[in-house]
Amino acid sequence: MNDERAPESTPGAESAAHSPEPYESASDLLVHQAEERADPLTDPEAGEIALDVGDTADDVAIHTSRGAEAVVGRWQTPWGRFARTALALGAFFIIAGLIWETLKWFGGTPWRFENILGTGIDYFHDPPFRVLQFSDRQLPHIWDILYELVEPFQRGSDETLLQFLLGAALFTARQAFIGFTLGALIGIGIASIFVHSLRSERAFMPYVVASQTIPIVALAPVIALAVGLGPVAVVIVATYLTFFPVTISQLRGLRSPDPRAMELMRSYGASRWDIYRKLRFPASVPFLFTALKVAATWAIIGAIIGEGPGGVGEGLGKAIISFSQQYITGPEKLWATILIASLVGIVAFLAVRAAEVLVLRNRPGANP
Amino acid sequence: MTDATADRPVVHLSGLDKSFPTKGGGETAALQGIDLDVQTGEFISLIGPSGCGKSTLLRIVGDLIEPTAGSVEVNGKSARQARVDRDYGIVFQAPVLFDWRSVEANVRLPLEISGVTGAERDKRIDEMLDLVELSGFRDHYPHQLSGGMQQRVAIARALALQPALLLMDEPFGALDEMTRERLNAEVLRIWRATGKTVIFVTHSIPEAVFLSTRAVVMSPRPGRISHVVDVDLPQPRSEDSRETDRYYELVTEVREALRGRTPDADKPDTDTPGTDEPASPSQERARAEGSFG
Amino acid sequence: MTAGTAAAKRQPGWLARLGPRAGKILPPLVVFVVLVLLWEILGKAGSIPRPLSTPTSMADALVEHADVLLRSAWATLIEALGGLLIGTALGLIMAFAAARFIVARDILLPLAIGAAAIPLVALAPIFNNWFGIANPLSKMAMSAVLVFFPIFISATRGLVEVSPSALELMRSYAVSDTEVLRRVRVPNMLPFFFTALKVSTTLAFIGAIVAEYFGGTSEVIGRVVLTAMFAGNFGLGWAGILLGALAAIVAYLVVSAVERRAIPWYISLRDGDI
Numbered sequence: 022m023n024d025e026r027a028p029e030s031t032p033g034a035e036s037a038a039h040s041p042e043p044y045e046s047a048s049d050l051l052v053h054q055a056e057e058r059a060d061p062l063t064d065p066e067a068g069e070i071a072l073d074v075g076d077t078a079d080d081v082a083i084h085t086s087r088g089a090e091a092v093v094g095r096w097q098t099p100w101g102r103f104a105r106t107a108l109a110l111g112a113f114f115i116i117a118g119l120i121w122e123t124l125k126w127f128g129g130t131p132w133r134f135e136n137i138l139g140t141g142i143d144y145f146h147d148p149p150f151r152v153l154q155f156s157d158r159q160l161p162h163i164w165d166i167l168y169e170l171v172e173p174f175q176r177g178s179d180e181t182l183l184q185f186l187l188g189a190a191l192f193t194a195r196q197a198f199i200g201f202t203l204g205a206l207i208g209i210g211i212a213s214i215f216v217h218s219l220r221s222e223r224a225f226m227p228y229v230v231a232s233q234t235i236p237i238v239a240l241a242p243v244i245a246l247a248v249g250l251g252p253v254a255v256v257i258v259a260t261y262l263t264f265f266p267v268t269i270s271q272l273r274g275l276r277s278p279d280p281r282a283m284e285l286m287r288s289y290g291a292s293r294w295d296i297y298r299k300l301r302f303p304a305s306v307p308f309l310f311t312a313l314k315v316a317a318t319w320a321i322i323g324a325i326i327g328e329g330p331g332g333v334g335e336g337l338g339k340a341i342i343s344f345s346q347q348y349i350t351g352p353e354k355l356w357a358t359i360l361i362a363s364l365v366g367i368v369a370f371l372a373v374r375a376a377e378v379l380v381l382r383n384r385p386g387a388n389p
Numbered sequence: 000m001t002d003a004t005a006d007r008p009v010v011h012l013s014g015l016d017k018s019f020p021t022k023g024g025g026e027t028a029a030l031q032g033i034d035l036d037v038q039t040g041e042f043i044s045l046i047g048p049s050g051c052g053k054s055t056l057l058r059i060v061g062d063l064i065e066p067t068a069g070s071v072e073v074n075g076k077s078a079r080q081a082r083v084d085r086d087y088g089i090v091f092q093a094p095v096l097f098d099w100r101s102v103e104a105n106v107r108l109p110l111e112i113s114g115v116t117g118a119e120r121d122k123r124i125d126e127m128l129d130l131v132e133l134s135g136f137r138d139h140y141p142h143q144l145s146g147g148m149q150q151r152v153a154i155a156r157a158l159a160l161q162p163a164l165l166l167m168d169e170p171f172g173a174l175d176e177m178t179r180e181r182l183n184a185e186v187l188r189i190w191r192a193t194g195k196t197v198i199f200v201t202h203s204i205p206e207a208v209f210l211s212t213r214a215v216v217m218s219p220r221p222g223r224i225s226h227v228v229d230v231d232l233p234q235p236r237s238e239d240s241r242e243t244d245r246y247y248e249l250v251t252e253v254r255e256a257l258r259g260r261t262p263d264a265d266k267p268d269t270d271t272p273g274t275d276e277p278a279s280p281s282q283e284r285a286r287a288e289g290s291f292g
Numbered sequence: 047m048t049a050g051t052a053a054a055k056r057q058p059g060w061l062a063r064l065g066p067r068a069g070k071i072l073p074p075l076v077v078f079v080v081l082v083l084l085w086e087i088l089g090k091a092g093s094i095p096r097p098l099s100t101p102t103s104m105a106d107a108l109v110e111h112a113d114v115l116l117r118s119a120w121a122t123l124i125e126a127l128g129g130l131l132i133g134t135a136l137g138l139i140m141a142f143a144a145a146r147f148i149v150a151r152d153i154l155l156p157l158a159i160g161a162a163a164i165p166l167v168a169l170a171p172i173f174n175n176w177f178g179i180a181n182p183l184s185k186m187a188m189s190a191v192l193v194f195f196p197i198f199i200s201a202t203r204g205l206v207e208v209s210p211s212a213l214e215l216m217r218s219y220a221v222s223d224t225e226v227l228r229r230v231r232v233p234n235m236l237p238f239f240f241t242a243l244k245v246s247t248t249l250a251f252i253g254a255i256v257a258e259y260f261g262g263t264s265e266v267i268g269r270v271v272l273t274a275m276f277a278g279n280f281g282l283g284w285a286g287i288l289l290g291a292l293a294a295i296v297a298y299l300v301v302s303a304v305e306r307r308a309i310p311w312y313i314s315l316r317d318g319d320i
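Chains as they are written, first to last, in the numbering used here: chain P, 22 to 389; chain D, 0 to 292; chain V, 47 to 320.
Just so you know, the hints here were simulated from the structure itself, not pulled from any lab data.
Ideal Cβ placement from N, Cα and C applies to all residues, glycine included.
Among these hints, one or two may not hold up.
Ranges between beta-carbon positions, derived for each pair [said to hold, decoys possible]:
1. P:Gln347 x V:Ser264: 18 to 26 Å
2. P:Gly351 x V:Leu75: 52 to 60 Å
3. V:Pro74 x P:Trp126: 52 to 60 Å
Simulated pairs of lysine to any residue, SDA-like, Cα-Cα distance not exceeding 25 Å [to be verified]:
4. V:Lys90 x V:Val76
5. V:Lys70 x P:Val248
6. D:Lys122 x V:Pro97
7. V:Lys70 x P:Ser232
8. V:Lys70 x V:Val82
9. V:Lys244 x P:Ile235
10. V:Lys90 x V:Gly261
11. P:Lys339 x V:Lys90
12. V:Lys90 x V:Gly278
13. V:Lys70 x P:Tyr228
14. D:Lys122 x V:Val221
15. P:Lys339 x V:Val76
16. V:Lys90 x P:Tyr228
17. V:Lys90 x P:Leu206
Next comes chain P alone, as it looks inside the complex:
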């Protein structure tokens, strides 16, 4: 009774017992396979488990197979998904803000507010504990930070802090974007080489991995000195941090097509380039976007770090360094800078997410 291990007869591999349909292309085949899920509306048995008595968000989470998606909402249309992400990020700020002020309420400097916003209402509160890190010096009230944004950013200047920071943000974003694009192209290129040449992968992959195990941040000053303290150094660091996640994800994506789809292509007499263009690359796009979302953030981090040690240019990295030196006199400026930097990160993330939703709008089950 020794069955040979045959992938085709593994239970649970939802083998289609449907009559074969003519597919226009291999990508069609992939899309159809993704859609071969029973619809609870027409097949009660398919919906059984999800609609069980005592259903909890847990069960729903399991069935959508992505906990985050189920918890945040069930909007399934492409733009619904995007709206959900945006809302989640909005929720982030609200929740973070609430936690922030709650911490100060419990352990910060006493709250003394007279005549709040001209309403004549006073508010005094003495927190039960004293935690140094939550004091007004270390963790300013949110409204103080926001207030600082509309003040001139230094004496004798017309420019508000907000304007200044936005300028710095643009500077950093520009370098980050260039680095991001370069890193993405390099990552796709390397992955494309690796998928076609096992030998190259064997030879160079350890270096790709090692490149990330080495904290790039250690290399940042070197790069800055080597190519001069300028935007080039920043771009290089951003590129370096971007190419790795893209390489890894893209390689997985290029290798992801079902072997049956590959067989289909070969039955058409397709060349390796055809297969790459019509099957591998389209199949890899969801993976690519997963990596790009990560890469967007890291490109910005890379840009900030690239500016950092040398205080290059007029970007956010430089702003962080200057304001951290002025911390004693006013921590609000540093926090305001961090806030703006966070917004840049989030805008970048949302931009990639919007692109993802747009490009993948016709594919079922794309990433949350």
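Use these hints to put chains D and V onto chain P, whose structure you have.
Only chains D and V this time, still in chain P's reference frame:
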């Protein structure tokens, strides 16, 4: 294998209904008015097209789903109590083995849960692995086994607590025909050796006839029992049983019932063109090995 | 390459005939030697920017400043490991809370998603201020924050994303939620967790070193590299980078080894044994 002196059925279903709420706000009736008694030692198959509620019915017996109306008794208790007392073992269409446990550890799972320890436990595991003829693979991991072998482990696990009742939900549905026939013979052998009561869901007519003592034919929308076929093929059955005239007659009877042409139905549920005359047994023989749907 | 032969096996080349291990180790090794030689030659010839130094001057600096370098590497290692530990512990605790309580999940997941999009390293100066620039805790805090999020997200996914059939099976055994947690969810989570842990090891070092850039004692890798580079002592700077990299690689390998012992079944599944 029916024990003629059994005083009560192992499973007693009466007036069972089950509806599911649908997305649009309405309801769909998965099961309606199910009455069924399963006696000790019987091998019952539930057969029908997709959507007839056979898997739902199985899960109601196992108290994994609650009925909307009607009564369920398992082993003389409520379905819930039977589940709590672990009176049944279940085998799903996918083996559902734990990747992180070896074959032996997977079979051990229910014994751990029930607090069986020591020599008793080891003996039971050995027995089960012998029963499904996988003793040589006890230290393998699921991903190292074929689909058929994984299902055999699942069967061993389902029997580990020696339950009175065995529930099987299309366990061989994802396997190829040859493996499936081999495993059919395995299941029969195990059934004869252990004397369990089995409820077996399938959509394969030959499988239903070959395995069961009674084949319960169901029809969809809403799910109902349309016909019950007494499969009176002699025991013990073997591959040769699949080639007797009586076998083909029974397969025909089941197939006709699935088409809605039962001996006691007024008119067929579905109109199948071109088949007004019953085919001769030899003609049926040619079609007998196909599964419905 | 014609279509028909695209999947055909190539004849094993001379490389493969040396044996399976050689086939894996030799190519990267060759590349390594070539790169080092190129670096040395180009560096000596002055064809590359001076700050990029040469292997030999790096080796010299290693020998000359061995004591400082080793102490600094050790200090940074401690910072990174401390942050790794704290971040992992917090991440796991929160993951269990999020898996158990829907409310916790509703609060924490948006936080995690949002935090993943912001440049957390911008918090480094804050931590320096909170805990003191010379205090290793300020660096650990930065590392911990970077480590927390991947661990939290992966562990939560692993605990929650269990196959529905497995849950059905457990229901048929009528066991408590704690049993389900112990027997199904936690083992399911382990592969997710270890993947995140390996990523986090790198992040911990990045956090520590970035925080060091913003200020710290002089005997930590970040500051050694920074001061050496700006003083024009490039060999020393590279020696510092090398040690920092080695520390990170060693940490990564240790985690991989732990992973091998903890989830051998997953390793064999992932790497395609049998």
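A quick look at each hint next to the structure:
{"no.": "1", "hint": "P:Gln347 x V:Ser264: 18 to 26 Å", "result": "holds (23 Å)"}
{"no.": "2", "hint": "P:Gly351 x V:Leu75: 52 to 60 Å", "result": "holds (55 Å)"}
{"no.": "3", "hint": "V:Pro74 x P:Trp126: 52 to 60 Å", "result": "holds (56 Å)"}
{"no.": "4", "hint": "V:Lys90 x V:Val76", "result": "holds (21 Å)"}
{"no.": "5", "hint": "V:Lys70 x P:Val248", "result": "violated (35 Å)"}
{"no.": "6", "hint": "D:Lys122 x V:Pro97", "result": "violated (71 Å)"}
{"no.": "7", "hint": "V:Lys70 x P:Ser232", "result": "holds (19 Å)"}
{"no.": "8", "hint": "V:Lys70 x V:Val82", "result": "holds (20 Å)"}
{"no.": "9", "hint": "V:Lys244 x P:Ile235", "result": "holds (13 Å)"}
{"no.": "10", "hint": "V:Lys90 x V:Gly261", "result": "violated (34 Å)"}
{"no.": "11", "hint": "P:Lys339 x V:Lys90", "result": "violated (34 Å)"}
{"no.": "12", "hint": "V:Lys90 x V:Gly278", "result": "holds (16 Å)"}
{"no.": "13", "hint": "V:Lys70 x P:Tyr228", "result": "holds (13 Å)"}
{"no.": "14", "hint": "D:Lys122 x V:Val221", "result": "holds (24 Å)"}
{"no.": "15", "hint": "P:Lys339 x V:Val76", "result": "violated (41 Å)"}
{"no.": "16", "hint": "V:Lys90 x P:Tyr228", "result": "holds (24 Å)"}
{"no.": "17", "hint": "V:Lys90 x P:Leu206", "result": "violated (32 Å)"}
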